[in-house]
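J.: Read off the chains here:
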Amino acid sequence: MNKRWIILPFLLFALFGLNLSLGSVRIPFADILSILAGKNTTVQVWHDIIWDFRMTKALTCILAGSALSIAGLLMQTLFRNALAGPDVLGLSSGASLAVSLIFMSPALGIEVLSSPSPWAVVAAASAGCGLVFILVLGISYRIHDNTSLLIIGLMLGATASSLVSVLQFLSNAEDQQAFLLWTFGSLGRLNWNEIQVLTWILVLGATIAFLSAKALNAWFLGDNYARSLGVNISRSRLWVILSTSILTGAVTAFCGPIAFVGLAVPHLVKLLIRTHNHLILIPAVMVGGAALMLLCDILAQLPGSIYVLPINAITALIGAPVVISIIMKAKRISV
Amino acid sequence: MSDPQKILLQTRDLSVGYGKQILFRDLNLTVGAGNLICFMGPNGIGKSTLIRSLAGIQKPVSGEVVFPSAKQAHLHMAIVLTDRITSVNMTVAELVTFGRYPYLNWRVQLTAEDKRIIERAIAQVHIGHLVDKRLFELSDGQLQMAMIARAIAQDTPVILLDEPTAHLDLNNRVEVMKLLKNIARVTNKGILIATHELDLALQMSDVIWLAGKEGNIVSGTPEDLVLNGTFDDIFQFKGFDLRTGKVQHEAHLGRTIRLTGDGYTYLWTRNALERRGFGVTTEESGVSVMIGANNQWSVLDEGDLRTFDSVHDLISYLEKGL
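Heads up: the protein sequence lines correspond to chains A and B, in order.
Using our numbering, you'd call the opening residue of the first sequence number 1 and step up by one each time.
Using our numbering, you'd call the opening residue of the second sequence number 1 and step up by one each time.
Hints were generated in silico from the structure; no laboratory data involved.
If you're wondering where the values come from, they're calculated on a predicted model, not measured in any experiment.
Positions of the beta carbon are idealized from the N, C-alpha and C atoms, including for glycine.
To list a few chain B residues with every Cβ distance to chain A over 10 Å, as calculated:
1) 6
2) 44
3) 188
Dumping the calculated DSSO-like pairs for lysine-lysine here, alpha-carbon to alpha-carbon at most 30 Å:
4) A:3 with B:115
5) B:20 with B:59
6) B:178 with B:71
7) B:181 with B:71
8) B:133 with A:329
9) B:133 with A:3
10) A:329 with A:3
Assemble the whole structure, with the sequences as input and the hints as a guide.
T.: Rendered as structure tokens:
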């Protein structure tokens, strides 16, 4: 084993510090440190900016990046497909549909939940993810060709998206705008209560993933070999679906559909750490995903400017070249 | 040393297939310790399906597969399938490690004993120089050896292999078969190979399972199955005489040549003449070919004696005289 993975925690730490110190209001780094240490500062509003805005956003980056990266890793292993990912196979769209059903249900004349709690939104989004996942998985048994599977995933995603559009069309302008903003993806909207929920979901999803590591490793050889090694395929598959669905569902519910992170991070991490052991890969992609998300967020703030770009635009800028390189080097980069 | 009486695997009225489509019916077969068994039959008859059913990764239609040790299937049988491994960035060492998975808990920590067994498996198939190579860097033959090492590392009494020599060149085919034969003998394992390698199977296997047309399997010693015509029945050889192991040629030229001599030179000269369409006899005939010392051929043709240095020249002369 090489020691290159040591870069990852350092990277995470540095980006976390950078993320906290950058923003539209300039706050000296020394003051940030003293605010974090709980001391009083010269300007009271800095305290609020750090704790209630930048800290929540940075933590959301870490949680969302980790969660999506685990989901991407699990899906790529399960499908043995380098191009699988929560947004590619329509999981994010499934979650979007579920969330929009909750928020825009008044348009259909039914009140699903008048004031949805964070947990309810997460549950709905996860259910949406799980449904799409099971659909895609069912189809993948009949169609073994990777390309066809991806196309079907895209179609399922498109179907879910168009249902969302219909809902939007029927909704009033205010709901529409809120939903449109949601689809851009946002990391800065979460309050401490929601961050708590997301943290628990991440702990749960990551624990399930860790406990499934042996089965996930065996999957690298394919279903038949995994079975011949004593792995209970159907049970492990259910656990993986559950873990992926709640992780993607929770992130999508709170931050909107964030593209490419789940797909790109496992590949980037595997370029750094060459192992097929998920007990190492899972924590590595968590750290890597958190770091990448912090970086994307820093870039989205356009340092020195008051504008904040949609996070999805930035993740796509980083993710798209990764996808292209995967396709170009299809033989060399594998799951 | 090996105890052929000891049964490692047994089927009881086993029927395999998919739903209503039954490929093999009511099989009662055994795999004995130290035996190399070749499982032969035409393409598409269901050899892979039976292998998967024996290994417990596909449910049989009816009947059962029993083994004497009351272990679970994955502790009793290791498999090498035709499935492609898609994770080509994996190293050979990682691949072989998977053989120990049935014995590991969720933390997949190898014990010293596990490591010893892995090293021994790698040594047994002579791929020590490949352990750090990634799978995409291997040739087909090397990859197959690595897969076999993985199966050996699983340390099971029985190994089932589905066409392990497909896509390999002659040297690799012979090497794989000899290796498996050796492992069966030395470690007293029962090894079952589904294969199309008729010549190798006849020379190497202790038992042959022949898949018949009616969903039955005939099991027997290779020589018996040749001599009693079972092979001919099942394979319906066209122009191939299994008893002599040669392709039958038609003497379409209508000319018979008397060939005298012995040894390899005689056999190969005869092969050449028959392939070109001459009839060959040892009786008196119009043209006579005598094999001399130092690979020389003398032809006596109506009192005219000529000598040639190669089969090529000999054939050219004979064909000119037609």
